[in-house]
Amino acid sequence: MRNLMKIAVRNLFRYKRRTLLTSSLIAFGVILVIVFGGLAISFKTQMIGTLTNTALGDLQIHRKGYVESIDNQPLNLILTGRRLSEVEGALKQNPSVAAYSPRIKFGAMISNYAQTSNIRLSAVYPEMENKTCPGLVGRIKGTITDPDQFIRPGELLVPDNLMKGLGLKVGDEIVLVATNKDGSVNGIPVRIGAVIESVLGPGGKDGYMHIDDAKTLLRMDEAEIVEVAVHLKDFDRLGAVSLELKKTMVTPESDLEVHTWEQLSPFASIARIVDLLILVVKFILISIVMVSILNIMTMSVYERIGEIGTIAAIGTRPSRILSMFLMEGFAMGLMSTVVGLVVGLGLLWLMNLAPIDFTFGMMQVSLAPRIPEGEVILVTVIVMLVSIFASLQPAYKASKMEPVDALGHV
Amino acid sequence: MSLIELKNVTKVYRTGEVPVTALKEINLEIGKRAFVSFIGPSGSGKTTLLNLMGVLDKPTEGKLLINDVNIGLLDRAEAAEFRANTLGFVFQNFNLIPVLTVYENVEYPLLLVKRLPAKERRDRILSLLEKVGMIDHKDKYPNQISGGQKQRVAVARALVTNPQLVLADEPTANLDHATAFKVIAIMHEMQRELGTTFIFSTHDPKIVGEAEILYTLEDGALVNQEITKRN
Chain B
1 MRNLMKIAVR NLFRYKRRTL LTSSLIAFGV ILVIVFGGLA ISFKTQMIGT
51 LTNTALGDLQ IHRKGYVESI DNQPLNLILT GRRLSEVEGA LKQNPSVAAY
101 SPRIKFGAMI SNYAQTSNIR LSAVYPEMEN KTCPGLVGRI KGTITDPDQF
151 IRPGELLVPD NLMKGLGLKV GDEIVLVATN KDGSVNGIPV RIGAVIESVL
201 GPGGKDGYMH IDDAKTLLRM DEAEIVEVAV HLKDFDRLGA VSLELKKTMV
251 TPESDLEVHT WEQLSPFASI ARIVDLLILV VKFILISIVM VSILNIMTMS
301 VYERIGEIGT IAAIGTRPSR ILSMFLMEGF AMGLMSTVVG LVVGLGLLWL
351 MNLAPIDFTF GMMQVSLAPR IPEGEVILVT VIVMLVSIFA SLQPAYKASK
401 MEPVDALGHV
Chain L
1 MSLIELKNVT KVYRTGEVPV TALKEINLEI GKRAFVSFIG PSGSGKTTLL
51 NLMGVLDKPT EGKLLINDVN IGLLDRAEAA EFRANTLGFV FQNFNLIPVL
101 TVYENVEYPL LLVKRLPAKE RRDRILSLLE KVGMIDHKDK YPNQISGGQK
151 QRVAVARALV TNPQLVLADE PTANLDHATA FKVIAIMHEM QRELGTTFIF
201 STHDPKIVGE AEILYTLEDG ALVNQEITKR N
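Protein sequences appear in the order of chains B and L.
Heads up: the first sequence begins at 1 in this note's numbering, then just goes up one per residue.
Heads up: the second sequence begins at 1 in this note's numbering, then just goes up one per residue.
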């Protein structure tokens with residue numbers, strides 16, 4: 001094997017310029033995948049991180065049918081009493097769950113006594129919410145001295161555009177009016193505690209209040225939870241934990257559903273487009289490797305017909321000749337991949353020294369690209385396999401040559 | 001006992017629709033440790049005959065036995081195995097691998113064909129390079145040595161697997177007269193020292209005299225057999 005590799009490398013460098021040109025092309029493809037993949041994965045990861053850490057949580061538990069009618073924010077699909085206790089018990093027992101936050105989500109009218117608008121409210125226990133969405137506090141303008149008390153009873157966090165639209169400022173008193181599940185309308189005065197930036201950009205109308213105020217407004221004897229957001233210790237185990245929770249919680253009697261963030265956010269589509277773009281770039285890489293290696297190996301076989309005749313004449317078995325040419329293609333792929341990886345990873349390292357900052361919606365994104373080890377291994381395996389595959393036809397042709405014809409070739 | 005036996009061997013090539021008879025009913029026997037030459041004008045069938053004896057091609061009719069093995073019955077892999085174990089080749093154009101050094105060219109058949117311990121392999125290569133007078137050039141590449149030196153390397157490469165038979169098709173055609181004699185002398189010396197049978201084709205009348213047995217081919221037929229003074 002070592003000898004075959006040695007001969008393969010020497011044969012490649014017999015035509016230095018051609019080999020270097022082809023190798024550069026393949027290396028360019030690898031660099032493209034590494035750099036584009038690094039940027040795209042970094043963007044996706046950061047966006048998902050922002051969404052899950054500041055708003056959604058990694059996954060959510062609802063009553064069956066809630067997500068289908070989520071736009072109406074129904075208050076009749078609730079978790080209370082024993083059902084809520086069972087959910088909380090299951091979450092506390094699961095070692096992968098870092099924190100959870102029960103929420104009441106509902107729509108209300110917000111009035112400054114002169115103008116009225118609508119607002120979507122999440123009523124939360126601030127301590128639990130802060131542990132479940134630790135990035136949420138970062139969306140609040142102003143200084144928060146105790147993140148576990150980012151919202152206090154009697155206060156409301158209002159999104160920026162509503163503040164501007166209603167001409168409000170922090171400390172102003174407003175009235176919230178809401179209809180509870182029985183159709184009874186109620187209103188309470190609250191003070192604007194702070195401004196919260198919307199995670200999804202302009203047009204966001206999501207505010208926060210303390211769950212005790214929501215109980216008063218909606219005339220609830222106990223908190224009627226519509227959503228339990230869950231934060232995991234290891235986000236990479238999202239799929240597995242989601243399955244575990246479904247197994248323990250979702251039964252015909254429980255009437256519950258477990259949804260990951262992907263099933264709850266439209267950004268999942270953007271994430272899938274990002275994945276698709278990475279896949280397209282990988283296909284470009286495969287095409288580059290395929291055409292380049294096939295071309296160089298075909299030329300190599302045609303230029304060395306006499307030599308193939310010689311090695312066949314001295315007793316080299318056809319399978320060995322096949323291996324020799326496959327090894328040449330493999331060596332070409334390996335060499336190019338190493339160069340591509342070194343340059344590609346080097347470029348990512350340089351980009352990390354000066355991260356690229358931009359705004360996506362209302363989110364400040366700071367791209368510090370990095371590529372997972374799995375992607376690097378995948379790219380390497382793809383190039384190696386495609387190199388061998390592309391060499392197969394020329395190598396097979398070489399191995400099938402009759403030595404007497406090959407020796408007589410001019 | 002015969003090393004090679006040809007019984008009514010005929011070889012016909014097809015060029016389009018036209019059959020061309022390259023060899024006609026050749027019958028001959030060549031013993032072990034022989035130093036044999038085939039002569040004849042271009043197109044007389046020398047190369048075809050050497051290709052058949054080199055197990056590079058198969059007879060259209062008749063039987064060709066080498067070491068009592070009917071080579072017409074071997075498949076491609078068996079033929080390769082047979083060549084690796086029994087035969088060595090010296091080509092008119094030397095056919096050294098340009099990316100390998102002199103040492104590596106001689107080593108090549110051992111790496112690809114025979115598995116030997118590294119020390120034994122090295123000793124054998126150096127011994128042969130010493131015998132053909134190329135030990136001082138062992139690290140040079142083929143483009144750094146002369147034609148005569150290349151052919152000496154080719155002889156060493158042909159002998160490195162300890163074959164019973166070495167076939168050389170016009171081995172001196174691309175060499176000047178003096179160099180050609182030196183190469184033939186080396187082959188002769190190897191024949192005496194190692195007991196290898198050498199068969200070569202030539203149309204150089206001065207080289208012809210170096211053979212012990214001389215066969216003459218004309219239009220694909222064996223027309224004469226001569227035992228020379230050297231035998």
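Treat the hints with caution; some may be incorrect.
[Stated by the list, open to error] If you anchor each label on the Cβ, the simulated ranges turn out as follows:
no.	chain 1	residue 1	chain 2	residue 2	range
1	B	384	L	146	41 to 49 Å
2	B	21	L	205	49 to 57 Å
3	L	144	B	21	49 to 57 Å
4	B	20	L	144	22 to 30 Å
5	L	7	B	298	28 to 36 Å
6	B	15	L	13	33 to 41 Å
7	L	10	B	295	41 to 49 Å
8	L	10	B	287	48 to 56 Å
9	L	219	B	15	40 to 48 Å
10	B	295	L	27	36 to 44 Å
11	B	20	L	141	41 to 49 Å
12	B	21	L	18	25 to 33 Å
[Unchecked claim] Far from chain L, by Cβ distances over 10 Å, these chain B residues were calculated:
no.	residue
13	83
14	96
15	153
16	189
17	191
18	206
19	223
20	307
21	311
22	312
23	320
24	346
25	404
Don't read these hints as lab results, they were simulated from the structure.
Yeah, the Cβ is synthetic: ideal placement off N, Cα and C, and Gly gets one too.
Which hints from the list above does the structure break, by number from lowest to highest?
3, 5, 10, 11, 12, 20, 21, 22, 23, 25
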